[in-house]
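Using the sequences provided together with the hints, build the complete structure.
Chains as they are written, first to last, in my numbering: chain A, 1 to 557; chain B, 558 to 875.
Careful: at least some of the hints might be erroneous.
[Stated by the list, open to error] Restricting the straight-line Cα-Cα distance to at most 30 Å, the calculated cross-link-like pairs of lysine-lysine (DSBU-like) are:
hint: 1; chain 1: B; residue 1: K743; chain 2: A; residue 2: K108
hint: 2; chain 1: A; residue 1: K143; chain 2: B; residue 2: K671
hint: 3; chain 1: B; residue 1: K596; chain 2: A; residue 2: K173
hint: 4; chain 1: B; residue 1: K596; chain 2: A; residue 2: K441
hint: 5; chain 1: A; residue 1: K413; chain 2: A; residue 2: K476
hint: 6; chain 1: A; residue 1: K143; chain 2: B; residue 2: K781
hint: 7; chain 1: A; residue 1: K143; chain 2: A; residue 2: K108
hint: 8; chain 1: A; residue 1: K163; chain 2: A; residue 2: K411
hint: 9; chain 1: A; residue 1: K108; chain 2: B; residue 2: K678
hint: 10; chain 1: B; residue 1: K596; chain 2: A; residue 2: K424
hint: 11; chain 1: B; residue 1: K744; chain 2: A; residue 2: K143
hint: 12; chain 1: A; residue 1: K474; chain 2: B; residue 2: K596
hint: 13; chain 1: B; residue 1: K809; chain 2: B; residue 2: K866
hint: 14; chain 1: A; residue 1: K458; chain 2: A; residue 2: K518
hint: 15; chain 1: B; residue 1: K781; chain 2: A; residue 2: K303
hint: 16; chain 1: A; residue 1: K474; chain 2: B; residue 2: K574
hint: 17; chain 1: A; residue 1: K303; chain 2: B; residue 2: K636
hint: 18; chain 1: A; residue 1: K527; chain 2: A; residue 2: K163
hint: 19; chain 1: A; residue 1: K424; chain 2: B; residue 2: K574
hint: 20; chain 1: B; residue 1: K808; chain 2: B; residue 2: K860
hint: 21; chain 1: B; residue 1: K565; chain 2: B; residue 2: K596
hint: 22; chain 1: A; residue 1: K3; chain 2: A; residue 2: K476
hint: 23; chain 1: B; residue 1: K671; chain 2: B; residue 2: K744
hint: 24; chain 1: A; residue 1: K424; chain 2: A; residue 2: K476
hint: 25; chain 1: B; residue 1: K563; chain 2: A; residue 2: K474
hint: 26; chain 1: B; residue 1: K744; chain 2: A; residue 2: K108
hint: 27; chain 1: B; residue 1: K781; chain 2: B; residue 2: K809
hint: 28; chain 1: A; residue 1: K434; chain 2: B; residue 2: K636
hint: 29; chain 1: B; residue 1: K565; chain 2: A; residue 2: K173
hint: 30; chain 1: A; residue 1: K474; chain 2: B; residue 2: K565
hint: 31; chain 1: B; residue 1: K563; chain 2: A; residue 2: K476
hint: 32; chain 1: B; residue 1: K596; chain 2: A; residue 2: K476
hint: 33; chain 1: B; residue 1: K671; chain 2: A; residue 2: K173
hint: 34; chain 1: A; residue 1: K118; chain 2: A; residue 2: K304
hint: 35; chain 1: A; residue 1: K304; chain 2: B; residue 2: K781
hint: 36; chain 1: A; residue 1: K143; chain 2: B; residue 2: K743
hint: 37; chain 1: A; residue 1: K476; chain 2: A; residue 2: K411
hint: 38; chain 1: A; residue 1: K173; chain 2: B; residue 2: K574
hint: 39; chain 1: A; residue 1: K527; chain 2: A; residue 2: K441
hint: 40; chain 1: A; residue 1: K424; chain 2: B; residue 2: K565
Rather than coming from a laboratory, the hints here were simulated on the basis of the structure. Note that the coordinates shown come from a computational prediction; the quantities given were computed from them, not determined experimentally.
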Amino acid sequence: MSKHDLLIIGAGLAGLRAAVEGVRQGLNVAVITKVHPVRSHSNAAQGGINAALTDRGDDWEDHALATIKGSDYLADQDAVEVMCREAGEAIIELENMGVIFSRDEEGKLGTRAFGGQKKARTYFVGAITGSALLHVLYEQSVKYNLHIYEEWFVTKLIKQDGKIAGAIAFDIKTGQMELITAKAVVLATGGAGRVFEPSTNALICTGDGLSLAMQVGAPLMDTEMIQYHPTTLAGNGILLSEAARGDGAYLINSEGDRFMEKYAPDYMELASRDVVSRAEQTEIDEGRGVDGCVYLDLRHLGKKFIEERLGYLQEVALEFRGIDLSESPIPIKPGMHYIMGGIKTDLNGATNIPGLYAAGECANVSVHGANRLGANSLLDTIVFGRRAAVDSVEYIKSAGSLNVDERELSKEKSRIQNILDRPKGMRSAELRNKMGTAMTKGIGVWRDKDSITEAITKMKNLRGQLPNVFIENKGKVFNTDLVSYLELEFMVDVAESICHGADKRLESRGAHFRTDMKSRNDSDWLKHTLVQFAGEELNTTTSDVTITDWQPTERVY
Amino acid sequence: MEAQIKVKRFNPENGAKPFFQDYSIDVSEDSTILDGLIKIREEQDGTLALRCSCRASICGSCSMKVNGSAKLVCKTRIKEVSPQGETVTVEPMSNFPVIKDLVTEMDSFWSKVKSIDPYVKTNFEPEAEHIASNESMTHLLGVMNCIMCGACVSECTALEVDSTFTGPAALAKAYRFVADPRDEDKKERLGKLNESSGVWDCSRCLACVEVCPKDVAPMERIVKMRDLAIEEGYTNTSGFRHTESFSDSIKKHGRLDETRLALESTGLLNISGLIDLAVIGIKSLFKGKIPPPLPHKPKEADKVTNIAKRLDSEESEE
Numbered sequence: 001m002s003k004h005d006l007l008i009i010g011a012g013l014a015g016l017r018a019a020v021e022g023v024r025q026g027l028n029v030a031v032i033t034k035v036h037p038v039r040s041h042s043n044a045a046q047g048g049i050n051a052a053l054t055d056r057g058d059d060w061e062d063h064a065l066a067t068i069k070g071s072d073y074l075a076d077q078d079a080v081e082v083m084c085r086e087a088g089e090a091i092i093e094l095e096n097m098g099v100i101f102s103r104d105e106e107g108k109l110g111t112r113a114f115g116g117q118k119k120a121r122t123y124f125v126g127a128i129t130g131s132a133l134l135h136v137l138y139e140q141s142v143k144y145n146l147h148i149y150e151e152w153f154v155t156k157l158i159k160q161d162g163k164i165a166g167a168i169a170f171d172i173k174t175g176q177m178e179l180i181t182a183k184a185v186v187l188a189t190g191g192a193g194r195v196f197e198p199s200t201n202a203l204i205c206t207g208d209g210l211s212l213a214m215q216v217g218a219p220l221m222d223t224e225m226i227q228y229h230p231t232t233l234a235g236n237g238i239l240l241s242e243a244a245r246g247d248g249a250y251l252i253n254s255e256g257d258r259f260m261e262k263y264a265p266d267y268m269e270l271a272s273r274d275v276v277s278r279a280e281q282t283e284i285d286e287g288r289g290v291d292g293c294v295y296l297d298l299r300h301l302g303k304k305f306i307e308e309r310l311g312y313l314q315e316v317a318l319e320f321r322g323i324d325l326s327e328s329p330i331p332i333k334p335g336m337h338y339i340m341g342g343i344k345t346d347l348n349g350a351t352n353i354p355g356l357y358a359a360g361e362c363a364n365v366s367v368h369g370a371n372r373l374g375a376n377s378l379l380d381t382i383v384f385g386r387r388a389a390v391d392s393v394e395y396i397k398s399a400g401s402l403n404v405d406e407r408e409l410s411k412e413k414s415r416i417q418n419i420l421d422r423p424k425g426m427r428s429a430e431l432r433n434k435m436g437t438a439m440t441k442g443i444g445v446w447r448d449k450d451s452i453t454e455a456i457t458k459m460k461n462l463r464g465q466l467p468n469v470f471i472e473n474k475g476k477v478f479n480t481d482l483v484s485y486l487e488l489e490f491m492v493d494v495a496e497s498i499c500h501g502a503d504k505r506l507e508s509r510g511a512h513f514r515t516d517m518k519s520r521n522d523s524d525w526l527k528h529t530l531v532q533f534a535g536e537e538l539n540t541t542t543s544d545v546t547i548t549d550w551q552p553t554e555r556v557y
Numbered sequence: 558m559e560a561q562i563k564v565k566r567f568n569p570e571n572g573a574k575p576f577f578q579d580y581s582i583d584v585s586e587d588s589t590i591l592d593g594l595i596k597i598r599e600e601q602d603g604t605l606a607l608r609c610s611c612r613a614s615i616c617g618s619c620s621m622k623v624n625g626s627a628k629l630v631c632k633t634r635i636k637e638v639s640p641q642g643e644t645v646t647v648e649p650m651s652n653f654p655v656i657k658d659l660v661t662e663m664d665s666f667w668s669k670v671k672s673i674d675p676y677v678k679t680n681f682e683p684e685a686e687h688i689a690s691n692e693s694m695t696h697l698l699g700v701m702n703c704i705m706c707g708a709c710v711s712e713c714t715a716l717e718v719d720s721t722f723t724g725p726a727a728l729a730k731a732y733r734f735v736a737d738p739r740d741e742d743k744k745e746r747l748g749k750l751n752e753s754s755g756v757w758d759c760s761r762c763l764a765c766v767e768v769c770p771k772d773v774a775p776m777e778r779i780v781k782m783r784d785l786a787i788e789e790g791y792t793n794t795s796g797f798r799h800t801e802s803f804s805d806s807i808k809k810h811g812r813l814d815e816t817r818l819a820l821e822s823t824g825l826l827n828i829s830g831l832i833d834l835a836v837i838g839i840k841s842l843f844k845g846k847i848p849p850p851l852p853h854k855p856k857e858a859d860k861v862t863n864i865a866k867r868l869d870s871e872e873s874e875e
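Dropping the structure here:
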């Protein structure tokens, strides 16, 4: 049994930022991650990270307003204030840690424009910002000699007297299972994109933390808010960054028209993501698409500019579609990209379970509300990853000593062994693909009572089939067959919660667009939806949105 | 289309030796090798182990050998390596121990990365950002593109014979700090990189440059660090003496004087090194591999020496 003060689950940006802070605060910190830290999905953020730097005439309140409007007024405004106020400091700190941000002519940090904002305040590293940040945070983890359980898979969180007490996990390389106790745990497990098929998300984005939190009694908030990114490749769903449009790319339909003129005459291609995705889907549905896609057109930007500022996009276009962006437009469509919803936390990342924190995509503070602005996700991870660790310091001091019952470990060992011992049945991938297709159909860019109800029925049915899944690989060493199944169990919890959130919200707001209730209803629905286990069943309730200075108004781009 | 994939299998738990297993799968025209391997794992054989995550060549998980050379399988289309439906052979990377099937043990890889102190070192924390030119920063992007996939290490011919060599990935990472205008530890870094297992142990075979899926060009970074080390005055290395002797010999004789090169690289005052060299010399003698003590004069040697001299003067003009 290993003992730590603070255990962080997940080694992407939120997890590593929390870990570095924990070490700086003098805690005994460990990070547990199912992949090596630099393999984490923070890598995939391409475009940049938002911040209003006051020394160049920007204003955090303008950033906050853009974020709140982007959220379709569902974000908690106190949380948005915290994020936008702390953004400048976060950027400078990242730069000092060694991030190679692009510079302006004076040698200071340079910016590019991004969606939903008039002011160019997105700081960036070519088109590999997430990767550049993640590698630098990993560098810091080496500097601070961080203890990392690398390629370990968490199966369960442990509570003692109602408080969090650690986790049970196994080493993927050896299969060895351990009880790791900790006075506080930060969930930083990222998104759950694989619940949908296709998705821009990596194969590891299976919502582990969301399910782990639900299993110990924490609610998920606003799960129905699923972001469909406007520019993803058809088929495998690989992402092409908003940076392209931020740097001037057009969206055109089969007739060659810049159709955003009709939908967002002021912001054009840089309207909020939900608005752009719906516009694209409308064009496609009305017959002005090509094979279910519209086009992203960068030709007028020129080869040199594309390769210098958007090099990774050019690489993806060439490698996966054989298209040179400087020569031809590339077919793209809206694709599942991000979950605004997540584990409900307060401004310090604390959940309703004492000692349990969440940060990053798996959490919902909530700063993104019904639609996240591009380049606010990286900021979210850095600001709230740090805050969670800071807040845990006092909690850990007061937490008292742990005395976890070792039988927890043997119980979990036999649960896993029983799964391995199942007779030949169906493969987990078969069930996962069914889930993904059903979720995309039911909880898509458009949704309505029928599509949501159908998705709920299918998810219930799917849960019933979980015991029929068998694990072909019976070995201990690198058993990815077992890992995939355990991830599927997590994903079913998340999928069901998403459906229930969507069913509960009787209006259209941000990414949740119901064709049977097309308008936003502020008198009844300035509310968060909350999904939580009540015994075996999911129970859905609501809570009020925090409004500070910005009253909801009509959202026009 | 039907694809034939031959996978090198190994399971440490059953005591059997590695073997090749053939799979036949139905894939679409634009499928990648990773798509194929995932399909095998999900539809035919749940025991197949591999690492993969992003599917978009950014996480660096899925480096493997395809038909003998290291590639990221997520960005390699089956059609590309098998235009006529030929069998595609997939093996784990070389220069790494194998854990299971296509999964390699990366511990030594990461400890080498850690050995170069992979973080920016500054003596003070500025209140705002460091001021640096955009060129100096975008120049580093070439190295920052590295996703630590290990393909270069898999192909490294120096590592093949000397596992202590720091290797192309960690050295490219070192360059990222050496060339970072914010780093204040440049001289110390170069001093350390100048030691045994460092920049001079690269055999300059170009394999790492060729296989890198991100155009990081590790070898070019290594060569650049040799120059920087010399500029910083680190000249007491066999590597430096080797380059000096090499260029002297070309300038003087229009050809390489191999005997002198060996002696001078070792260092004429380096007694133990010279004894080692003598042992190698004697062994070589018996195998007929020893060069003549005095180099023969090639025809038109003066033309070569002229080229060398001209190169020299052009360099000094720069």
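Item to complete: Provide an ascending list of the numbers of those earlier hints which the structure does not satisfy.
Response: Of the numbered hints given earlier, the structure breaks none, since each of them holds.
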